[in-house]
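Participant: Dock chain L against the given chain V, drawing on the hints supplied.
If you're matching them up, the sequences are chains V and L in order. Counting from 1, position 11 in the first sequence corresponds to residue 11 in our numbering; the numbering is continuous, with no gaps. Counting from 1, position 151 in the second sequence corresponds to residue 350 in our numbering; the numbering is continuous, with no gaps.
Hints in this document: simulated from the structure, not taken from any laboratory. Misleading hints may appear alongside valid ones.
To be verified - Partner residues are not named here, just some residues of chain V that face chain L (Cβ under 8 Å, in silico): (1) Val4; (2) Val30; (3) Glu53; (4) Ile60; (5) Leu61; (6) Val69; (7) Met76; (8) Asp130.
From the three backbone atoms N, C-alpha and C, an ideal C-beta is built for every residue, glycine too.
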Amino acid sequence: MLPVTTILFYVFSAILLGSATLVVTARNPVYATLYLVLAFFNAAALFILLGAEFLGLILILVYVGAVMVLFLFVVMMLDINLARLKEGFLSYLPLGLAIAILGVLELAVVFWTSPLGHITAPAAIPANADNTRALGILLYTQYLYPFEIAAVILLVAIIAAIALTLRRRTGAKTQNIGAQMAVRAKDRVHLVDLREPKS
Amino acid sequence: MHDFQNTAWWAILWSLIKIVIVVVPLLLGVAYLTLAERKVIGYMQVRLGPNRVGFKGSLQPIADAIKLMFKEVIIPTNANRFLFLAAPVLAFVPALLVWAAIPFGPGVAISNMNAGLLYVLAIAGLGVYGIIVAGWASNSKYAFLGAMRAAAQLVAYEIAMGFALVGVLMLAQTLNLTKIVEAQAGGGFWSWYWLPLFPFFLVYFISGIAETNRAPFDVAEGESEIVAGFHVEYSGMAFALFFLAEYANMIFVSLLTTVLFLGGWYAPINTPLLTWIPGIVWLLLKTAFLLYVFLWIRATFPRYRYDQIMRLGWKVFIPVTIAWIVVIGVALETPLRAILR
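Chain V extracted, bound-state conformation (with noise of 0.2 Å):
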């Protein structure tokens, strides 16, 4: 009998094989972009059964959590029009061919040759094992440079969308909240004593 981590290994595989095909062929867009939600969601359980469970949360909490929403948000306003889809399928297919037989090419190549092609069974994992902080330490101290280079790169990357997305538009009516603030009842109430005064 197989050990249910096997089991659940090629369940949460064929899970995610099968929604990442979705992701591909769905005809709505809407379908797609949740297939690819499903298919992170088994990639992440992938981790956790791995014993990575700091990568596979992470997985979730940044990826669906956030980047999907995002997607989500834009993929829902589109038109979905299949004709307009299709068209230039056939025009596009020998290029997309040509780069998929190459992607495939080179996987094999590296598969073959490399170490990564004979990767042996994970070493059990210990009971209280703590990756978060192993994770953290090795980021903090080996490899501290390498992270905030690419921290800093995220930055640029940031900082340009903005750059290139900010437009000032005129006559659009904004708050000033520094001046909205300040303001105290006696700037905009005057309290007028309407009785007759006293003779």
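Facilitator: Below, chain L alone, put in the same frame as chain V:
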């Protein structure tokens, strides 16, 4: 082999028992939270609230549940039938899933996992799919607007929420929720994390209100502008699932705030009289207080405008949390470290 099967079956059965022990009181809590909300807000507005069904309205939630169960689920024309029915489930399932990691006492949880905080943060962010999918599948402009608002709001506040939790991690040095509570042991309420992490405490709780789409951040429903937002087309049990998810999330946010900032199951003052009371009572009392604050805020503040919500999330909360992370980081390198940790 036989032994292994025995233990595996037992493990599954034991998990199911634990799930029932958590979920049944949770659903009852949700039912009576709806009554508490109507009563509390009623009294705040000088009304009586529901008082006809049962003793002083105590059976009102049961009556509501029966009413919702027997109502027809109407599916609008041209709605995407499958996603329309899947959306309430997508909203409700994460609201239950998060409870797997919540500790109710030292090590008492369905799963006392090492990365509990990360798990809770990851799963809690998934509830928004229910709202977005509901908005899109309903084929209604109001529902769609509600979904767009919910998506933008969630992304804005999840960042501030994540940063607030980074502060807790810096002090507790662990992602395990039980250990985070145990790190707050010691004195009394002054050794809990709300004090050194006061800005995070406020940011986390307010972001929690925003993430659960509660007033004053309930622009996703916004009755006065977009009728009922994402759930405008829903009726019967499909609507009830959204409702259950919202209230279960409220209880969850209150409980997690208690665990992270208000010392979990520890008594506020370390005297024998107070520590004699079981920890679960303290945990539930603190949670109930925060739930009351939820209702109090709803009865007090008018709804934020959409641009004000975005401003608060991006321009106030995120800078505040980043600044306080630096403060805590520096403080941990000074002799203050001994007090903070």
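Participant: Give a verdict on every hint.
Facilitator: Status of the hints after comparison with the structure:
A cut of 8 Å between beta carbons decides the hint on Val4(V): the least distance to chain L is about 7 Å, and the hint holds. Checking Val30(V) against chain L: minimum C-beta separation of about 6 Å stays under 8 Å; hint holds. At about 5 Å, the closest approach between the beta carbon of Glu53(V) and any beta carbon in chain L falls short of 8 Å, and the interface hint on this residue holds. The closest approach between the C-beta of Ile60(V) and any C-beta of chain L is roughly 4 Å, which is under the 8 Å cut-off, so the hint is satisfied.
Proximity of Leu61(V) to chain L holds as hinted, the smallest CB-CB distance being about 4 Å (cut-off 8 Å). Hint on Val69(V) holds. Least Cβ distance to chain L is approximately 5 Å, under the 8 Å limit. About 5 Å separates the beta-carbon of Met76(V) from the nearest beta-carbon of chain L, less than 8 Å, and the hint is met. Interface restraint check for Asp130(V): the shortest CB-CB distance to chain L comes to about 5 Å, inside 8 Å, so the restraint holds.
Consistency note: the structure conflicts with none of the earlier hints.
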